[in-house]
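*Asks:* Sequence:
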Amino acid sequence: MSLDRWVRPLAAFENPLEGVLHQMDTHIGGSPANILKFGCPLNNLAQEMAPVDAGFKKRIQAALDEWISETAVFIQQAQDRGILKKHLKAREIAQFIVMSHEGFFGMIKGTGDKELYQSLIKSLGCYFHTLEQR
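Its first residue numbered 8, the sequence shown is counted upward by one per residue in the working numbering.
One or more hints might be untrue.
[Claimed, not checked] Pair by pair, the computed Cβ-Cβ distance ranges are:
#, residue 1, residue 2, range
1, Gly37, Tyr134, 32 to 38 Å
2, Arg88, Arg12, 21 to 27 Å
3, Arg66, Lys129, 32 to 38 Å
4, Lys96, Lys65, 20 to 26 Å
5, Leu95, Glu73, 30 to 36 Å
6, Gly89, Pro39, 35 to 41 Å
7, Leu52, Arg88, 17 to 23 Å
8, Gly89, Tyr134, 35 to 41 Å
9, Gln125, Ala69, 29 to 35 Å
No lab work stands behind these hints, which were simulated from the structure alone.
Since the model is a prediction, treat every value here as computed from it, not as a measurement.
Even glycine gets a Cβ: it sits at the ideal position worked out from N, Cα and C.
Take the sequences, apply the hints, and build the full model.
*Replies:* See below:
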């Protein structure tokens, strides 16, 4: 599900970071507060089950690693095309993106404030802008 929702749609964007922002607008910013209050299902499972079930933890790690690795492919392609700075590590950017998804959901869930999304997405967009080749 994470790949279908968050990664595969990046193929439609020349700059995958624009795709990330678009997907976040669609699936987080566009979600009603009564859905967001539950947070991210994957993150909820990771926080509850990973500490108590080693097998479950390995499966969560595998899911997150696949999400990161597949996102890094799009980042690397954008670097190869001169859209994003080449000296940056694509995997580290992808890790930050996945952490941002999880963090957005967690902050909105924890505060109950959907309006917080606008501040978070604006800050993420500013960070992404620093990664672009000029």
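*Asks:* Each hint needs a verdict: does it hold in this structure or not?
*Replies:* Hints versus structure:
1. About 21 Å separates the C-beta atoms of Gly37 and Tyr134, a value inconsistent with the hinted range of 32 to 38 Å.
2. At roughly 24 Å, the beta-carbon separation of Arg88 and Arg12 lies within the given 21 to 27 Å, and the hint holds.
3. Distance hint for Arg66 and Lys129: a CB-CB separation of about 34 Å, consistent with the stated range 32 to 38 Å.
4. Between Lys96 and Lys65 the C-beta distance comes to about 25 Å, which sits within the given range of 20 to 26 Å.
5. At roughly 21 Å, the beta-carbon separation of Leu95 and Glu73 lies outside the given 30 to 36 Å, and the hint is violated.
6. The hint said 35 to 41 Å for the Cβ distance between Gly89 and Pro39, and at roughly 39 Å that hint holds.
7. Distance hint check: the CB atoms of Leu52 and Arg88 are about 36 Å apart, inconsistent with the given range 17 to 23 Å.
8. A hinted range of 35 to 41 Å is violated for the C-beta pair Gly89 and Tyr134, which are about 20 Å apart.
9. A beta carbon spacing of about 33 Å between Gln125 and Ala69 agrees with the range 29 to 35 Å that was offered as a hint.
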